[in-house]
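Just so you know, the protein sequences line up as chains A and B, in that order.
Each residue of the first sequence is one higher than the one before, starting from 10 at the first, in the numbering used here.
Each residue of the second sequence is one higher than the one before, starting from 10 at the first, in the numbering used here.
It should be emphasised that the hints constitute simulated quantities derived from the structure, not laboratory data.
Since the list gives no way to pick out one identical chain from another, each pair is judged satisfied if it fits inside one copy or across any two copies.
No farther apart than 30 Å at their CA atoms in a straight line, the calculated lysine-lysine pairs in the DSS-like style are these:
id, residue 1, residue 2
1, 361, 278
2, 278, 350
3, 456, 84
4, 361, 350
5, 84, 55
6, 63, 456
7, 84, 63
Number of protein chains: 2
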Amino acid sequence: MDEEILSFIDNHTEDALRDLIHLVRIPSVAAEGGDSMERAAEAVAKMLEAAGMKATIHPTSGASVVTAELDVDAKRTLLFYNHYDVQPAGDLDMWDSPPFEPEIRDGRIYGRGVADNKGDLVSRIWAVRALTESGLDPPVNVRFVVEGEEEISSPHLEEFVRANRDFVSADGGIWEFGGEGLDGRQEAWLGLKGIVYVQLEVRGLSHDAHSSMSCILPSAAYTLVRALDSLKDPEENILIEGFYDDVRPLTEPEREAIAVIDVHEEEMKHHYGIDQFVLGLSGDALKERYYGSPSCNIRGITTGYQGPGSMTVLPAEASAKVDFRLVESQDPETILRLLRKHLDQHGFQNVKIAWSEGYPAAKTPVDHPFVEAVSRATERAFGHRPVIHPTSAGSGPLYLFRGLVPFVSVGCGDYDSRAHSPNESIKIDNFVRSAKRAVFVMDELAKM
Amino acid sequence: MDEEILSFIDNHTEDALRDLIHLVRIPSVAAEGGDSMERAAEAVAKMLEAAGMKATIHPTSGASVVTAELDVDAKRTLLFYNHYDVQPAGDLDMWDSPPFEPEIRDGRIYGRGVADNKGDLVSRIWAVRALTESGLDPPVNVRFVVEGEEEISSPHLEEFVRANRDFVSADGGIWEFGGEGLDGRQEAWLGLKGIVYVQLEVRGLSHDAHSSMSCILPSAAYTLVRALDSLKDPEENILIEGFYDDVRPLTEPEREAIAVIDVHEEEMKHHYGIDQFVLGLSGDALKERYYGSPSCNIRGITTGYQGPGSMTVLPAEASAKVDFRLVESQDPETILRLLRKHLDQHGFQNVKIAWSEGYPAAKTPVDHPFVEAVSRATERAFGHRPVIHPTSAGSGPLYLFRGLVPFVSVGCGDYDSRAHSPNESIKIDNFVRSAKRAVFVMDELAKM
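Next up, chain A with everything else stripped away, as it sits in the complex:
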């Protein structure tokens, strides 16, 4: 089947890009909401229908979930997970062209969402269209789940998955993101870490006091600093009792997989302007930490006066945003309970967990046959096998599909794609090859 399909994709690159441009022009910023969300959902549904699929828009209490299905009564079923929402544009002055008016320059297409995640979505829709318009049945049943709240933590995806367990169950799934690494090699991600994210708040006084009063009045800022310092020692060990109880070591196949990964330490150090990684780690130890360790991070702290010069204040309150990234089998609710217990036992009863959110990690085993299927498909489309990352250190709603579908995340991004930043872009060549890879994934899954 190869040649005909591949030609169709090459010959319809302009049409696929036109679909992508149409979709990027709809500013479906989940954080802002508004009627763009529904317009984007409808546009996606139309594109799915144009590819010969039956699309449905499912209302939720938030943004709609769009699904589509092409049931060819095949033995295997492939599921694509994508999202039509995007990050806010951010500082418009930082964009070389308007974020919602896509522009093509030097073989790349620029605009908010082209990398994350509208480019992936459109390339996958065109993969199906290449088959159906060529008059061919895909070798597997194909399904799409396209949500509109991924950038705001997918608050309604769980209710959708719970109500549609049969629909989302599949023999293989392609997750939303991925692409080309620093060295030009394709990367495939098999999992996401879990997360517990908390806002810690301390109120020390009913109102700010003059800083001279700090000799006798309690300090919210110092209480918060002490609480934060109590969470982790200088060797990066998280000090919450029981925190590591459910952490399991990397499996042997995972160790083998990461052994061949080049994390480009020097380039990364240069990129972040650092002399060394935490604890001076490098090589295998660094990789084991990245793929296999939970972490504790301060995302932000705010208290008191932060402007230029001086203001003589003892701040009444202080707050911090902290996240814990979790590895497989750590339970977010347990971690949250252990955190509260830790604070109480260390004298921080007045450090309030003002709000929290969290979900567990999820990953597809490195030796799952579908991983090999995606690797072969990638080799056919890009000419080389992808680097296999047992997990990303990031988090996402992958866990909702645990036990229902083995997901692998590959996509049309690259090292310069700047997802979430100004001048987001993808290479058009990767966009085209990603559509081809999606076709090959169907083929490889059928053979699996």
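With chain A held as given, fit chain B onto it using these hints.
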């Protein structure tokens, strides 16, 4: 001499208030600068001249210092220290009447600077005027030093004092502030604590990273938290080696003075919405801490994302503003050096002291005869002896006059004066009595 002078003051209250209103209408906000500063200096000089004194405007690299002298060849000399600059008005919506359009309501006058420090200044000028317009020589030589940068840490007062040591040397001095406490009793303050104020900065990365990278990238926020926590233990002991070396215990006269002070613990707790003071202190222990202990306070911390909801960031940098209040004989430069040494020795070489300022404490001994002179003068003007505070916990440029003049700080403010806040005000009755007290201070100093 009493009756004639007192009658003059009573009869010219309207005129004195007119002067005060005139001065408050000039928005001499030191932090904002502009031509208001020079207009205020000139207005002050005119008022001093109108009181029969010889006034001089001394340019500095910042705002001018206004001085005045009435040399009657007396044995003793009295020096008044005041400032004509004021704090910014702050949020105009919080003011019941415009900050620079003074208004009289219910026996109080409202406006920015009436309490801090234009009311005190005008009341003192009118004390001299009461004598000279009555055709009387004051019983002491009188001098004024009125600066225009007190609210921005008096950056040019040192150069002025150094160049005018003879002029500022006197047998007694009245410092700028003071007034009526919570219980209606007058308060006199004999000193100010010293201060070291630093901005601590940590740069961990050249730019913010995704928070998932915190498992392998250094955290500026955590480094800052650890550095701050290393400065002080939970029992409020400052852990910088050598920090307490030069701290001397309170003197016996100071202990006797504070023994009779009622700090109104319950009212203060209610005011600040707290159940207890630091370390659960109360009574003598609380007072000893307030009057005799240095302190370490976090004025502000800023790092990372501080808005609502979540943003997945590992912040590249973090900073904190920290002040140390010092007691007598602690040297700010030594403390700053010890702080740097502490940070280096505890592995915080990358915590930068981005800038610092500081000056030492200063106080007049509780048993100095001029303290008694001011107490008597207060009793004659207000009907009761003042509460003697060996020091304020606040800081100011008092140290510049150490060895040159014994200062006592009394003034026309009260517990509701809201200096530095919206609706700053004073009681007109206190304004009038403060003018009378200034006359009595001259009389008592002459007898000293």
